[in-house]
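A.B. asks: Residue strings, one per chain:
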Amino acid sequence: MAYHAVTIKAGKGGFGGPLTLVPTETRNKVVSVTGGGIHPVAAKIAEMTGCPAVDGFSTGVPDNEILVAIVDCGGTARCGVYPKKRIFTVNVLPVGQTGPLARFITEDIYVSAVDASCISLADESATQAATPKAGTPTNPTSAPKTKAQAKAEVAKMNEGKEKNLATRIGIAIGGVVNKFYAAGRETIDITIKTILPFMAFVSMILGIISASGLGDVIANTISPIASTLPGMLIVSFICAIPFISPVLGPGAVIAQVVGTLLGVQIGLGNIPPQYALPALFAIDAQVGCDFIPVGMSLGEAEPETIELGVPAILYSRVITGPIAVLIAYVFSIGLYS
Amino acid sequence: MEAIAAVANGFMDLFRAGSETFVAWVTGIIPLVVIMMTAVNSLIKLIGEDRVNNVAEFATKYTITRYTILPVLAVIFLCNPMCYTFGRFVEEKHKPAFYDAAVSFVHPVTGLFPHANGGELFVYMGIAAGITQLGLSLGDLAVRYFIVGVIVILIRGIVTDRIFAHMSSKK
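Taken in order, these protein sequences are the chains called A and B.
In case it helps, my numbering puts the first sequence at residues 12 to 348.
In case it helps, my numbering puts the second sequence at residues 2 to 172.
These are computed hints drawn from the structure, not numbers from a lab.
A few of these clues could be false.
[To be verified] Simulated crosslink set (BS3-like; lysine-lysine; CA at most 25 Å straight-line):
| # | chain 1 | residue 1 | chain 2 | residue 2 |
| --- | --- | --- | --- | --- |
| 1 | A | K20 | A | K190 |
| 2 | B | K62 | B | K94 |
| 3 | B | K172 | B | K94 |
| 4 | A | K96 | A | K20 |
| 5 | B | K46 | A | K190 |
| 6 | A | K23 | A | K190 |
| 7 | A | K204 | A | K190 |
| 8 | A | K20 | A | K204 |
| 9 | A | K204 | B | K46 |
| 10 | A | K96 | B | K46 |
| 11 | B | K46 | B | K94 |
| 12 | B | K94 | A | K96 |
| 13 | A | K190 | A | K95 |
| 14 | A | K95 | A | K20 |
| 15 | B | K171 | A | K95 |
Extracted from the complex, chain A is given alone in its bound form:
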């Protein structure tokens, strides 16, 4: 069977690319990691390349067989996982270099805001040029190796030079200060790239809800449910239903928005404060259900394990979701009273 190379460019508001994908005998799976099912973009790429499309949610695929991963990540985690492994990544949402793995999201490995019109057959010359690149993804072990070599070289240079005490203390302090500085930089990075954008978006929604009068509707419907134990058990059960939980999961956006709405109601006195603890578990029974295959592959699980592991976790949540609420309810006794 003959494969065809395709070129994918970024869509409107997108980042990265264009990527040229050249399928080979071994590296030929188009993996759709979009919360179940094959995304139309994945189907289109599969059709044009002649490669099989695989639902990455129900089937595990070894990393070295993945031609390209299709994700629908809003910028929290998934969009950086595959670029980190140097696997070509197509995000159907317009997301650039964000999230905790932002530094791995580069133009040569990642393209976003992709729809069907962004995909075209690659011309022959581009194929030629891209083949070696696709065949040899950057070796992840090369970095530490060179680091070790550099260390050895430095050690060699320092041979025979006896360091005095002051120098050694100076170097040690310098190392510690550098670590503090790096920690500060990482913190500011995540504040600007993920915390502030989230605050902007949620405060806009909250503002509109409260100014438009929708807030009263929410207060009258959600508050009675969230201030009784049976109500919260039902919420956690709904969040844990196996075909709903993966949809509710991505980026914990829904849990965060609901959490903020409940917080407002607690602040207004519509929900008693001790219910905060069980509520935290009730709205979060679906945590990470969208991320199961990716998360397990980060833990180096075999594809067969992932295939069975996904339903195992989804079923387990139906049991453990409500149990978590019960435990939290018990532990909330004596809180704020």
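Please build the complex by placing chain B on the supplied structure of chain A, with the hints as guidance.
C.D. replies: This is chain B only, laid out in the frame that chain A set:
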């Protein structure tokens, strides 16, 4: 004319409420979170990943530590989403349960260690904002959230382990 002005004012009011919330969060939440995150990030860099790895390898041996100490360490030291890479220390048959335990801890951890999941702070902070508004202290809630989180991930690990074992034996 007046009607148009009234509409325009109403339109602006829609966003004014949001801007007040935004300022309150930026001045009330960010400074503390930034300092805490910097402190914990520094500590993690000073301790170093190697030492954590040694503890992790030990913690995989027993069921109880595998679904408590191991995921808690992974989440605090490697943060979301790299914490799942600790799955490599775990036997193949326990990997789904370990993932389930680790991922279920990425929100309970944020009350005490916001650095571990900076992108998803508002599950906790959203609800915590209401508590603060009532003038109550957050420490009690954060500590209980953490403790219940550890108990829940242990149960979740054990239940998922059973279900996975049952499913693999049937196949």
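A.B. asks: Could you work out which of the previously given hints the structure breaks and list their numbers from low to high?
C.D. replies: 1, 6, 11 and 15
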